[in-house]
Each structure stands twice: as C-alpha cells, then as structure tokens.
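**Student:** Can you build the whole structure from these sequences, using the hints too?
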Amino acid sequence: MRGRAAIVGVGETDYATDYRLSRGLQEPGDVRAKLDDLISLAFQRALDDAALTRSDIDGVTLMVEMESEFDRYVKLLALPTLRVLRTGGWLEQVPCAAQLLADGSCDTVALIFAAPFRTGARVFGGSTWQGAGGDSYWYYHPWRWSSQAAHWALMWQYYMSEYGATEADLGHVALTLRRHASLTENAVMTTPLTMADYLASRYVVKPLHLFDICLLNDGAVCILMQRADAASARPHAPVVLSGWGSATVHHAKLDFMIRDRLRTQLMAAGDQALSMAALSRSDIGHLMVYDASTIHLVNQLEGFGFAQPGEGLAFVRTGETAIGGSLPVNTNGGMLSHSYMAGWNNLVEAVKQLRHEAGPRQVNDLHATLFAATTTDSAYPMILTRAGRNA
Amino acid sequence: MRDRRPNRVRGPGHDEFWSYTARGELRLQRCKECQHLNWPAVPEACERCGATHLVWERLSGRGTVISWCTFYQQYYPDVAIPYDTIVVQLEEGPLFISNPEGFTNNQVTYEVPVLVTYIDAEDDAGQFRLPVFQLP
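Residue numbers (this note's numbering), protein chains in the order written: chain A, 1 to 391; chain B, 1 to 136.
Just so you know, these hints were derived from the structure itself, not from any lab.
Note that this is a predicted model, so its numbers are computed, not measured.
Take the hints with a grain of salt, since some may be wrong.
To be verified - Derived CB-CB ranges, DEER-like: (1) A:A196 - B:K32: 52 to 60 angstroms; (2) B:P77 - A:A33: 21 to 29 angstroms; (3) B:I81 - A:W90: 27 to 35 angstroms; (4) A:S55 - B:P77: 45 to 53 angstroms; (5) A:E185 - B:K32: 58 to 66 angstroms; (6) B:G11 - A:A196: 46 to 54 angstroms; (7) B:I119 - A:Q99: 50 to 58 angstroms; (8) A:S201 - B:D124: 30 to 38 angstroms; (9) B:T64 - A:T194: 33 to 41 angstroms.
To be verified - Derived, one-sided and incomplete: chain B residues facing chain A with beta-carbon distance under 10 angstroms: (10) R48; (11) F71; (12) T85; (13) L130.
To be verified - Covered by chain B, per the in silico footprint, the following chain A stretches (three or more residues, Cβ under 8 angstroms): (14) 116 to 127; (15) 145 to 155; (16) 204 to 216; (17) 246 to 258.
Each residue gets a CB set at the ideal place from its N, CA and C atoms; glycine is no exception.
**Tutor:** Below you can see the structure in the form of structure tokens.
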C-alpha cells in the first residue's frame with residue numbers, strides 16, 4: 001500500500017470571509033443552506049485545482065458535521081459515475097481512500113469535509129454531549145466537568161506541575177502560530193498577537209486562555225486522490241501518502257491522557273507510519289499536528305519523538321518550530337489561527353508545502369511531512385512525501 | 001439543602017456505584033482476571049481485558065490531587081461560574097475527576113493529600129450522594 005496513492009487536488013472555502021459574516025449572527029442560521037454553499041465551493045475548487053471534472057469522480061467520502069442526512073449533499077455533487085459512497089468518519093478516511101484506489105474500486109476519490117460550526121452555534125461541552133466521543137465527554141457531568149477544552153486544561157495543569165512550566169511558556173505556541181497565519185491566505189486570525197495580549201486574555205477553562213483553544217468557524221475542505229501512477233498527469237506535483245499509523249487508548253483513559261499525554265500511543269503510531277514510509281524522524285522536515293489546543297501541539301511534538309518530554313515548550317520558544325526553524329510546525333497557523341476544519345485544513349497545508357507552493361511560508365527543500373490527527377485518546381499520523389522521492 | 005447537579009449516567013454498573021455512595025462507600029469494579037480497577041463504571045466487562053468477573057472493591061477514599069481546572073466558560077446553563085474541578089489519584093490507582101470541598105483551586109498544590117466525603121445532591125433521576133474531596 002505504501003506510496004500507491006497521492007493527493008492530486010485540494011479545495012477550501014473562504015474561511016476568513018465566512019468568519020467575518022458569521023460573527024454578526026445573533027442566533028443559529030440555516031445550517032443546510034450554508035452546507036450546500038460550502039460543499040459546492042470546496043468541491044469545485046478541488047476539481048479546478050486538479051484539472052478534473054465531475055465525471056472523473058467515482059468515489060466519495062462525505063463527512064458533514066452537525067448533520068445526519070447526507071442524501072441532499074450527494075445529490076448536490078451531481079456525479080454521473082459514482083461507484084463508491086462512504087459517509088461519516090474522519091481523517092482515517094484518507095488511508096481508506098488509498099485502499100479503494102489500490103484495489104481498483106475507484107480511480108479518483110473525493111474526500112469532502114464540511115462544518116457549519118459558527119452558523120450552527122456548535123458548543124463543545126455541557127449536558128448536550130451524551131453518548132458520543134468516549135466516556136470522558138459525558139461521564140463526569142455530576143461534577144460539572146465537561147468540554148473539549150477541559151481535557152486540554154487538565155493536561156496543561158499537570159504539565160506545569162511536572163516540568164515547572166508557566167503560562168507564558170505555552171503562550172509562545174499561540175504567538176508562533178499567529179505569525180504563521182499572518183503569512184497564510186484565507187486565515188481567520190491574522191492580527192498580530194503579543195505575549196501581553198495572550199496573558200491578559202480571558203480563561204476558558206483555567207489554566208487555558210482563549211488563545212490556547214482552537215477557532216470555531218464555518219468551512220469545507222475537499223481532497224482529491226488518485227493512484228500515484230495516474231497522479232503524475234495532473235497539473236501539480238502529486239503528494240504521496242507514504243505511510244500511516246494508528247494507536248488508541250483502550251483503558252484508563254485519564255491516566256494516558258493527563259500523565260502520559262498519549263506518548264505511548266503517539267510513539268507507537270508514529271513508528272508505524274515512519275516504518276511504512278521507510279523514513280526516520282530526521283527525514284521529516286515539517287509537522288502538521290492536531291492543534292485543537294496549544295498544549296496538544298506540544299503533546300505531539302514530544303510524543304512523536306521530535307522533542308524530549310518536558311522540552312517541547314523550549315523548542316517552540318527558541319524558534320525551532322517557526323518557519324525558518326529546524327522543524328516548522330503548523331505553518332498555516334493551524335486550527336488555532338487559520339481555520340478549525342478538524343485537521344483537514346492542516347492536511348491542505350501539508351499538500352501546499354510539499355508541492356512547494358506555500359509562498360512566503362514555504363519550508364525549504366521539503367520532501368516529507370508528518371501530518372497527524374490526534375484526539376484525546378487516539379493518534380493517526382500520516383507521512384506525506386513529494387512524488388519522486390521515497391514514493 | 002440538596003445540590004442540583006447535571007445528570008449522572010445510569011444503567012448496569014453505574015447504578016451500583018451510586019447505590020454504594022448512598023451508603024458512604026466509594027467502590028469501584030476490580031477485575032479478578034487482570035486486577036484492573038475500572039472507572040468509569042462498566043456495564044459488564046473489564047475495560048482492559050474484557051473479563052466479566054468483576055468485584056465491587058471498597059476503596060480507602062484517600063488520594064492526592066494531580067491536576068485541576070477552573071471553568072470560566074459556562075457549559076451548564078444553571079451552574080454559576082467560575083467553579084473548580086480536581087483530578088484525584090486514588091490511593092488504589094485510578095484517576096477520579098471530582099470537586100474540591102471546603103477548599104478551592106487557589107489553595108491546591110500538586111499531590112496534596114485529600115479524603116473523600118459526600119454531599120447530598122439531586123438530578124433528574126432523583127437524590128444521590130456525590131463523592132467529593134476535602135483536605136484531611
């Protein structure tokens with residue numbers, strides 16, 4: 001399976017414009033109408049990017065947040081030769097699409113993610129969260145402990161005690177990503193952020209400040225994949241899926257999450273992905289990790305083995321993760337400052353960097369990126385490479 | 001006066017946990033195959049090894065606070081902010097999310113010892129006793 005599939009097209013919606021418009025909403029808007037617009041636009045842009053047409057698309061994976069009925073959106077795509085349709089799931093659908101391509105089930109797969117988070121007034125916590133996402137999301141209601149942010153807060157409080165870190169240390173992660181976002185077209189947040197701004201910002205769940213938590217915005221992303229041999233006929237340099245890994249906490253979640261910060265899972269899954277790609281850590285020139293929170297970026301920097309435990313914050317503070325540093329991380333500004341597309345926007349950035357089309361934020365001579373989707377209990381790293389090297 | 005709380009998870013396993021706290025006992029399910037202490041409660045099988053031979057073991061109620069956080073964002077409409085939550089490492093091993101009783105997170109320090117106590121609470125399913133932790 002290694003190197004058999006490549007990303008040949010990407011499309012994103014106008015995150016920054018949509019964010020400005022949705023900020024004015026006083027109450028939830030029409031989620032389905034918004035989704036129609038977002039999905040159509042991201043899909044068309046991906047087709048244009050790859051110089052493909054609707055009739056080329058014979059496989060679709062459709063992931064639509066805040067929605068349970070998908071027929072409407074399948075019809076909207078108007079695909080004359082659709083052979084395989086999948087709905088739901090997350091970034092693990094990228095390797096699944098590679099499998100559909102490798103076994104000949106499809107020739108071109110479109111992966112479409114859409115999220116009307118701002119229009120739909122999505123809240124990531126409280127009693128409405130029942131029976132989904134693992135028991136840590138809904139079991140502790142009687143103690144009024146809930147929310148995505150609270151998971152990261154417990155990790156960060158523990159980290160400060162364990163390593164003697166301070167709030168300002170973590171602030172450098174937010175500041176670095178904001179600087180990256182200022183170099184990225186279409187980023188939601190581009191206003192320069194100072195340490196004083198960071199420290200003065202309100203707490204969401206103390207010790208985490210507003211700027212430690214990812215954005216909430218509307219958008220859609222479309223990724224087009226083909227077999228690597230066919231991909232070379234497309235206009236942009238193909239970005240090859242060279243390896244992936246997966247590891248999940250199966251018991252004692254709080255312990256693995258707070259004290260281990262998923263190091264066990266990140267290391268295991270990272271090793272799988274690197275081994276499959278026949279690469280070592282020193283071959284990785286760029287990281288795109290799941291920055292739902294600043295501390296989670298640090299968890300992955302350390303957990304994947306690019307910094308020692310407790311040394312991730314110093315690695316960020318000294319500029320190693322900045323553009324021009326030894327290992328640039330989340331060069332688009334990530335979900336903290338670019339766009340919260342549940343990791344899909346970070347995948348697009350990996351593609352742009354590996355195409356060498358990232359403009360002012362381009363990582364020099366880049367050949368391999370580690371892209372990761374990492375939740376509070378699971379790690380899904382992927383190794384993406386520029387075609388022609390290690391493919 | 002009873003403390004109004006967001007709803008507990010109910011059902012097999014969970015109901016037994018709350019029936020023990022009603023008697024002032026903190027009990028978790030010990031797996032007799034792999035010795036893992038399960039928390040949150042499980043309906044029938046050990047979360048670690050899948051065995052179904054589980055015994056409700058009474059715990060000491062002692063532990064240390066290893067992490068904590070304070071909610072400034074209001075996730076529960078009727079709960080006034082800010083309020084504190086703590087993570088207690090129970091003497092027997094598991095991590096237990098709870099609330100501080102008689103102290104606040106401003107006074108908490110890493111690995112400070114705490115002891116379980118119970119407050120009278122109620123949710124949509126009725127009255128119950130909620131395990132929280134105080135300084136010994």
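**Student:** Next step is simple, just say for each hint if it's right about the structure.
**Tutor:** Quick rundown of the hints versus the structure:
1. A:A196 - B:K32: 52 to 60 angstroms: holds (57 angstroms)
2. B:P77 - A:A33: 21 to 29 angstroms: Holds: the Cβ-Cβ distance is about 28 angstroms, inside 21 to 29 angstroms.
3. B:I81 - A:W90: 27 to 35 angstroms: Holds - the Cβ-Cβ distance for I81 (chain B) and W90 (chain A), about 31 angstroms, lies within 27 to 35 angstroms.
4. A:S55 - B:P77: 45 to 53 angstroms: About 50 angstroms separates the Cβ atoms of S55 (chain A) and P77 (chain B), which means 45 to 53 angstroms holds.
5. A:E185 - B:K32: 58 to 66 angstroms: holds (60 angstroms)
6. B:G11 - A:A196: 46 to 54 angstroms: For A196 (chain A) against G11 (chain B), whose Cβ atoms are near 50 angstroms apart, the range 46 to 54 angstroms holds.
7. B:I119 - A:Q99: 50 to 58 angstroms: holds (53 angstroms)
8. A:S201 - B:D124: 30 to 38 angstroms: holds (36 angstroms)
9. B:T64 - A:T194: 33 to 41 angstroms: Once the Cβ atoms are compared, 37 angstroms apart, the range 33 to 41 angstroms for T194 (chain A) and T64 (chain B) holds.
10. R48: At 4 angstroms from the nearest chain A Cβ, R48 (chain B) passes the 10 angstroms test, so the hint holds.
11. F71: holds (5 angstroms)
12. T85: holds (5 angstroms)
13. L130: Nearest chain A Cβ about 6 angstroms off; hint holds.
14. 116 to 127: holds (count 4)
15. 145 to 155: holds (count 8)
16. 204 to 216: holds (count 5)
17. 246 to 258: Three-residue rule met by the region 246 to 258 of chain A, so holds; n is 6.
Figure legend: structure checked against the earlier numbered hints; every hint is met.
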